[in-house]
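**Student:** Each protein sequence line maps, in turn, to chains U and X.
For the first sequence, position 163 (counting from the first letter as 1) is numbered 149 according to the working numbering, and the numbering increases by one without interruption.
For the second sequence, position 131 (counting from the first letter as 1) is numbered 522 according to the working numbering, and the numbering increases by one without interruption.
These aren't lab readings, by the way, just hints derived from the structure by calculation.
Incorrect hints may appear among the rest.
[Claimed, not checked] Straight-line distance between alpha carbons at most 27 Å, and here's what the computed DSS-like set of lysine-lysine pairs gives: (1) Lys75(U) / Lys598(X); (2) Lys446(X) / Lys376(U); (3) Lys576(X) / Lys467(X); (4) Lys376(U) / Lys435(X); (5) Lys598(X) / Lys576(X); (6) Lys(-12)(U) / Lys566(X); (7) Lys370(U) / Lys467(X); (8) Lys370(U) / Lys435(X); (9) Lys370(U) / Lys566(X); (10) Lys576(X) / Lys656(X); (11) Lys435(X) / Lys446(X); (12) Lys656(X) / Lys566(X); (13) Lys576(X) / Lys370(U); (14) Lys443(X) / Lys398(X); (15) Lys592(X) / Lys671(X); (16) Lys650(X) / Lys598(X); (17) Lys671(X) / Lys576(X); (18) Lys400(X) / Lys446(X); (19) Lys576(X) / Lys(-12)(U); (20) Lys650(X) / Lys568(X); (21) Lys467(X) / Lys568(X); (22) Lys467(X) / Lys435(X); (23) Lys476(X) / Lys435(X); (24) Lys598(X) / Lys656(X); (25) Lys192(U) / Lys(-12)(U); (26) Lys443(X) / Lys476(X); (27) Lys370(U) / Lys400(X); (28) Lys576(X) / Lys566(X); (29) Lys656(X) / Lys671(X); (30) Lys467(X) / Lys446(X).
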Amino acid sequence: MKTVYLDNNATTRTAPEVVDAMLPFFSDLYGNASSMHSFGGQVERHLARAREQVAALIGAHPAEIVFTSCGTESNNAAIMGTLYSYPAKRHIVTCRTEHPAVMNVGHHLQSRGYRVTELGVDRQGNLDLDELRGALCDDTALVSIMSANNETGVLFPVDTIAAITRERGIPFHTDAVQAVGKIPLNMADNAIDLLSLSGHKLHAPKGIGALYIRKGTRFAPFMIGGHQEGGRRGGTENVPSIVGLGKAAELAGDRLEEENTRVRQLRDRLESQLLARIPNALVNGNPDCRLPNTSNLSFEYIEGESILMLLDEEGICASSGSACTSGSLQPSHVLRAMGVPFTAAHGSVRFSLSIYNDAADVDHVIEVMPAIIERIRDMSPFWKDFQAGKPMSSFFTGGDAEHHLHG
Amino acid sequence: MWDYSDKVKDHFLNPRNVGEVENPDAVGEVGSLACGDALRLTLKLDENQRIKDIKFQTFGCASAIATSSALTEIAKGMTLEEAEKISNQDLAEFLDGLPEEKMHCSVMGKEALDAAIANYRGVKMVKGEFEIVCKCFGVTDLEIERVARDNSLTTLEQVTDFTKAGGGCQACHPKIKEILAGLWKILPEEPAEKTVPAGKKLSNLQKIRLIEETLEREILPPIRSDGGDLELIDIDGNTIYVALRGNCSFCPQSQFTLKNFVEAKLREFVSSELVVEEVKS
Ligand SMILES: Cc1ncc(COP(=O)(O)O)c(C=O)c1O
Ligand code: FES
């Protein structure tokens, strides 16, 4: 059976060109760039090239790029590195729909005595900029807001946020792990101080990331060790992966237009066709301000894990924000923060495409999905009641439905 | 991805006895849409009082559907007295086991069957006989005790895996621990480190500082992760006035959270005499 991979926000296929670019660094070119012999030293040239490639993708200067081990490290380094630089300040601002790699850093800091403001979002996943303005104070050390949400694809107005924080003299970090390579970014045109990206979301391997640190931004190293990365991140460079990330960044730059035209059209067709063919389906996240590759749909009165299992039977890979798949007992924190009603929160499915998808992939999903949804709904007592126009018995909706609606 | 047995996959992909029995002799409904899984069981008896027909409708994950299907297969042909003896372990074993975190699916199956039998006999659970311990998932003390006893559960995490109780706002954690302690006659664990040696009197300033610290460290993180917030308004002697913000302010469970979680934590870390009151704003 052919695999139809529509889970590119989870991770992407490593581009074959990237693998080719990496291979020599596992065999002939295994030297350490810091060595005092030319055998090791020749590697430095390739690191420099990769740094240029990554910088070019986001309109930065190569000296502003620090390689890290992943997006999570970039986020940790940005937050902790800033807090180390402003030891007197004890307040940070994030948002309720952040990835755990920011959100849980916030919770960790909270348990260590920091004050953390988590800004809310509306039903479509949008931030309220006035709420942001109101949250800033003299004690605020950092604002960290994602560029694009991994579950819904919703884009945040990071340029505007950066302008607001710049005016207040507060550093701004953005977790752009889902945005880099999918939408154009130009650091020359904005006031973002720190930006995280991760290789495996843009067709580089897993376990490589980068942190952009704008020139002049206060930053103390998070990973303390050797003098690598200009003293901003200790540890012998992961040369093959850095070279791979460089190549992937170059390819992503070349393919940005395709991502925003062909891939976007595929996503739009998938979404509109599913909505047209399946009743009681809705889009999660602002449809007018989203990544071009992401579609998060909820199918009411059924549960996401069973949908994924039946999709899996068809070779289709997607993900869900339902409780059963999140490993907790509640639906995803993103959907809860958006106040998605509980009739829909458990039945969400995220499709995320890449340039490796084609019309046949999307057609396959459009073809099999209605029957899958119907099959699961045929087993659902709520769907039966809904169809019969019966009121949901209070026992079935739970005595404290409100809690779930808002919690 | 969950590691489901082939039997679970089979019963999910080819569920037996889906639907609703016409003119059923008994109906059992458990779970809720809010909780993420629910099961409606309908059944009919033959002239010998044996289950002739039994069908299910389930909202939930693959293992919830598989367990429902297994339940109908096992129960078919049994008398209600026999069916009553089916345990949640029987359901899990029939399916060659369930992942630990999914054991609550087997418990839900067992409960739907019990509910159907009670429905047939016309028995109703009388309010007052039980207390809802976990408001997030509507789990009673009786249920926690029974499931813990039947499955030899000794830890809070196990209770959550089997009943879901405690998997939400965490306000019910102390109560669940208490039930476990009562059941297995073990003393509730002492708080890891008491900041204040018992009996030592705190100055007002020390007390205020300790209250603030406890709020930031122990109380606010779980509340905020659930979309709520809480603000310390005033401290008057042993009475602490707080205001609920964010999602908490319109959550019907907030009083419960206030007493069972906020007050309990402050008593644990600051002083056993504290009382928490809500200021409406
Ligand atoms: C928005 C966002 N931030 C951070 C990460 C973490 O990146 P990594 O897996 O490289 O640590 C991810 C990926 O899961 C993500 O989607
Ligand atoms: S988790 Fe039990 S009351 Fe919320």
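**Student:** For every hint, state whether the structure bears it out.
**Tutor:** We went through each hint and held it up to the structure:
{"no.": "1", "hint": "Lys75(U) / Lys598(X)", "verdict": "24 Å, holds"}
{"no.": "2", "hint": "Lys446(X) / Lys376(U)", "verdict": "20 Å, holds"}
{"no.": "3", "hint": "Lys576(X) / Lys467(X)", "verdict": "39 Å, violated"}
{"no.": "4", "hint": "Lys376(U) / Lys435(X)", "verdict": "23 Å, holds"}
{"no.": "5", "hint": "Lys598(X) / Lys576(X)", "verdict": "34 Å, violated"}
{"no.": "6", "hint": "Lys(-12)(U) / Lys566(X)", "verdict": "51 Å, violated"}
{"no.": "7", "hint": "Lys370(U) / Lys467(X)", "verdict": "23 Å, holds"}
{"no.": "8", "hint": "Lys370(U) / Lys435(X)", "verdict": "20 Å, holds"}
{"no.": "9", "hint": "Lys370(U) / Lys566(X)", "verdict": "37 Å, violated"}
{"no.": "10", "hint": "Lys576(X) / Lys656(X)", "verdict": "23 Å, holds"}
{"no.": "11", "hint": "Lys435(X) / Lys446(X)", "verdict": "9 Å, holds"}
{"no.": "12", "hint": "Lys656(X) / Lys566(X)", "verdict": "13 Å, holds"}
{"no.": "13", "hint": "Lys576(X) / Lys370(U)", "verdict": "46 Å, violated"}
{"no.": "14", "hint": "Lys443(X) / Lys398(X)", "verdict": "24 Å, holds"}
{"no.": "15", "hint": "Lys592(X) / Lys671(X)", "verdict": "31 Å, violated"}
{"no.": "16", "hint": "Lys650(X) / Lys598(X)", "verdict": "19 Å, holds"}
{"no.": "17", "hint": "Lys671(X) / Lys576(X)", "verdict": "41 Å, violated"}
{"no.": "18", "hint": "Lys400(X) / Lys446(X)", "verdict": "19 Å, holds"}
{"no.": "19", "hint": "Lys576(X) / Lys(-12)(U)", "verdict": "56 Å, violated"}
{"no.": "20", "hint": "Lys650(X) / Lys568(X)", "verdict": "16 Å, holds"}
{"no.": "21", "hint": "Lys467(X) / Lys568(X)", "verdict": "37 Å, violated"}
{"no.": "22", "hint": "Lys467(X) / Lys435(X)", "verdict": "10 Å, holds"}
{"no.": "23", "hint": "Lys476(X) / Lys435(X)", "verdict": "18 Å, holds"}
{"no.": "24", "hint": "Lys598(X) / Lys656(X)", "verdict": "14 Å, holds"}
{"no.": "25", "hint": "Lys192(U) / Lys(-12)(U)", "verdict": "23 Å, holds"}
{"no.": "26", "hint": "Lys443(X) / Lys476(X)", "verdict": "18 Å, holds"}
{"no.": "27", "hint": "Lys370(U) / Lys400(X)", "verdict": "24 Å, holds"}
{"no.": "28", "hint": "Lys576(X) / Lys566(X)", "verdict": "15 Å, holds"}
{"no.": "29", "hint": "Lys656(X) / Lys671(X)", "verdict": "21 Å, holds"}
{"no.": "30", "hint": "Lys467(X) / Lys446(X)", "verdict": "10 Å, holds"}
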